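Those protein sequences? They're chains A and B, same order as listed. Letter 391 of the first sequence, counting from 1, is numbered 695 in this note's numbering, and no numbers are missing. Letter 4 of the second sequence, counting from 1, is numbered 308 in this note's numbering, and no numbers are missing.
It is worth saying that the hints were derived from the structure and are not from the lab. Mixed in with the good hints there might be a few duds.
Since the list gives no way to pick one copy over another, a pair counts as held whenever it fits inside one copy or between any two copies.
[Claimed, not checked] Below, in silico cross-link-like pairs of lysine-lysine (DSSO-like), each with a Cα-Cα straight-line distance of 30 Å or less:
#1 Lys575 x Lys509
#2 Lys731 x Lys346
#3 Lys717 x Lys731
#4 Lys346 x Lys741
#5 Lys731 x Lys716
#6 Lys346 x Lys737
#7 Lys514 x Lys466
#8 Lys738 x Lys346
Being a predicted model, the structure only gives us computed values, none of them experimental.
There are 2 protein chains.
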Amino acid sequence: MESVSQIIHARWLITGEQNNQTLENHAIVIDQGKIKAILPSKQATERYTATDIQRFPNHVISPGFVNTHTHIAMNYFRGLADDLALMDWLNHHIWPAERTWVSQEFVRDASQLAIAEMIRSGTTCFNDMYFFLQATAEVADQAGIRANIGMTVIDFPTAWAKDTAEYFSKGIEFYSEYKNHDRIKATVAPHAIYTVAEPTLLKVKEIAEKYDLKINMHVHETADEINQSIATTKQRPLRRLQNIGLVTPRLIAIHMTQLDDEDMAIIEAGKPNIVHCPESNMKLASGACPVVALQKQGLNVALGTDGAASNNDLNMLGEMRSANFLAKLVTQNPIALPAHETITMATLNGAKALGLDHITGSLTVGKAADFIATKLDEIETLPIYHPASHLVYAASRNQVTDVWVAGKQLMKKRKLLTLDEKEIKAKAIYWSKKLTKNA
Amino acid sequence: MESVSQIIHARWLITGEQNNQTLENHAIVIDQGKIKAILPSKQATERYTATDIQRFPNHVISPGFVNTHTHIAMNYFRGLADDLALMDWLNHHIWPAERTWVSQEFVRDASQLAIAEMIRSGTTCFNDMYFFLQATAEVADQAGIRANIGMTVIDFPTAWAKDTAEYFSKGIEFYSEYKNHDRIKATVAPHAIYTVAEPTLLKVKEIAEKYDLKINMHVHETADEINQSIATTKQRPLRRLQNIGLVTPRLIAIHMTQLDDEDMAIIEAGKPNIVHCPESNMKLASGACPVVALQKQGLNVALGTDGAASNNDLNMLGEMRSANFLAKLVTQNPIALPAHETITMATLNGAKALGLDHITGSLTVGKAADFIATKLDEIETLPIYHPASHLVYAASRNQVTDVWVAGKQLMKKRKLLTLDEKEIKAKAIYWSKKLTKNA
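So here's chain A without its partners, still in its complex pose (with noise of 0.2 Å):
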């Protein structure tokens, strides 16, 4: 008999590697944060011995999703603004908002609604874009949340930076602090090309290769930005970031609503990493992404939500299911993107755009156990034929009862254990009343 820290049995077992495998009656056995060994329950139960072994008999344990694309201090704008043209959003809500109310305290205590949310709806790591980014990150380190930080880069001030160079300065100050970090990492996050110059561009990119890092963009959001892009330089945006040697492995393009033939021969030779947003993209009325044909050319497409003020929550359950159902209408084809490849597309496939996939996003034996357990024994989730099926088509965010990350367990029955929850509400109230006091 081997000591380990952790065995944990399921009922259900979806691997999420693209064998699009379930296992029934196995469990996972953990050491160090590791997973040791995915076998049959009777199996360990033989072979291991641990002080913390839990049993989910009514659960499917999977791996935790991996949300690539969030602004998740924007949890305090959740419905602040919505049913809103795009511009009107950002100039006459968004953007004074911000202005006003967004400070390190507002970062920090925003972040906590933020990693709340995700962890309580099976999140394990997730890839931000924001301003003041300690604030983010000490949050998730505490949380104990896996996350990708983005260095923002913008050609504007902001109550983070006031020019360009300082965006750099903040960002590498710190990529410096958290480069030895085992579960926060740095990104290079320029906005997006109608808000930093190719000059700027240059540099981001001269930063991500020197330190090596991805480049997390949006890209080709809406058709606004396009028509803009030619409008300006008689280029549309893709084609111009593969002119200055951006559309690479090493990019993050965000979005990706609007592609045309060239747009996608720009893509198939330079290989970036897609993350899709279909409810921010539906919402918005920017689009739709067309992740089928990407794949089909062999693309990495991963799933993010966006911020909550253009989703409005930070759920991949329901973000699966939309993007699921967005690719079948898309297509014309009910058999287009199945439930084990909408269940990949929200966990591997992110670990593999953050470059993080020898780290994450699958239950695979040498990973880092970052996975969560759903209950299916509900009325909404009743009868249970293919587990994979119900987590696409039919389970809900509370179901989500246990989350782990790197082995340690985040959420129990339903109950954070790194968070506390009523102290996040009632900081989220007391900063509601203070943002509509002066609206």
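Based on these hints, arrange chain B on the given structure of chain A.
Chain B in isolation, oriented as in the chain A frame:
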């Protein structure tokens, strides 16, 4: 002080009337199952007394949802066969399963599961089309929910009826049995133009007019339906229905994803009620009903989930979100179908389609007390700026805590008061074992 049955105080109250109103700190005063008054909580306390007084200081109270298209007994087929082409799904999975398993007992037990699911997600009225009508009606009666049960007519034999004459005779028998019921009504429900021939449709029309019943029918669900109709009759289905006088306000036309200019003219002239089922239409890749264009023509568009075999839930909160996102995507307009209008579509428009808007569908003095309470002070719906926006864009079904129909409380703090959840779950597991044993 006047004595009444109930006083329900709400922090926020959405009337669901077309004035898009959200009231604060108001009370619903209920007597003998009907709404007697809606007034500020303070005034309600001064004017009325009741033995049943409940306070919802962190909830929004809104009209119960009217799910305007269901096949509720198909809940036992939830997730049995996903990610398949429509005809493969029907021919090799759903129809064989129905032939083998559908019986009075099956429909009764599956209806319990479905009605439990509906109450738990805030639905107070549904419009069904299936077999063994009495089995569903008895469960609805006992559960206390409001139901319209379709007298299904289809030109081929099923376990329910051997031929068209038997469908009609069993349907009329059902109508006679329930015609004086206060919550359960009949509609005539010819399945679709490709399964019901013209002589049968003429008989449907005759019966509907004789008994003054709505006609509930799948219309223009898929491109195949249109192509098949043109191939066999040189006419699109809506033209054929118009020719026999069926396109009138009596018609509840379900799906309507395929509408050309000729169809739009027919609809504009005939003014049928339209039921949009966005999730089923996306999941089966059927298309998208042009909801906003239809509403602009002054048509009544309601919302339905379809059966759980093609959705895979009966969750009207999720359906509202999908309808909203889809409308914005299809119109390329982020202002299309704002939150309040989406709620109206899921409530009052459904009641109108069923001819029940004098009884239910909005919180209006004189109507039945059919309403729900949704808890908003949760991690997922904080901060709270606009409760209507949260209902559509952020809340999930488990946040619906309390449900009333005709003043009778069917769920209290998430506990079902008229159905036995434990027994329902056990039966679902029992039946699923039977179904998969012989598969």
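Now for the hints, and whether the structure bears them out:
no.: 1; hint: Lys575 x Lys509; verdict: within (16 Å within a copy, 59 Å between copies)
no.: 2; hint: Lys731 x Lys346; verdict: between (46 Å within a copy, 29 Å between copies)
no.: 3; hint: Lys717 x Lys731; verdict: both (24 Å within a copy, 25 Å between copies)
no.: 4; hint: Lys346 x Lys741; verdict: between (60 Å within a copy, 24 Å between copies)
no.: 5; hint: Lys731 x Lys716; verdict: both (23 Å within a copy, 29 Å between copies)
no.: 6; hint: Lys346 x Lys737; verdict: between (55 Å within a copy, 23 Å between copies)
no.: 7; hint: Lys514 x Lys466; verdict: within (24 Å within a copy, 76 Å between copies)
no.: 8; hint: Lys738 x Lys346; verdict: between (56 Å within a copy, 27 Å between copies)
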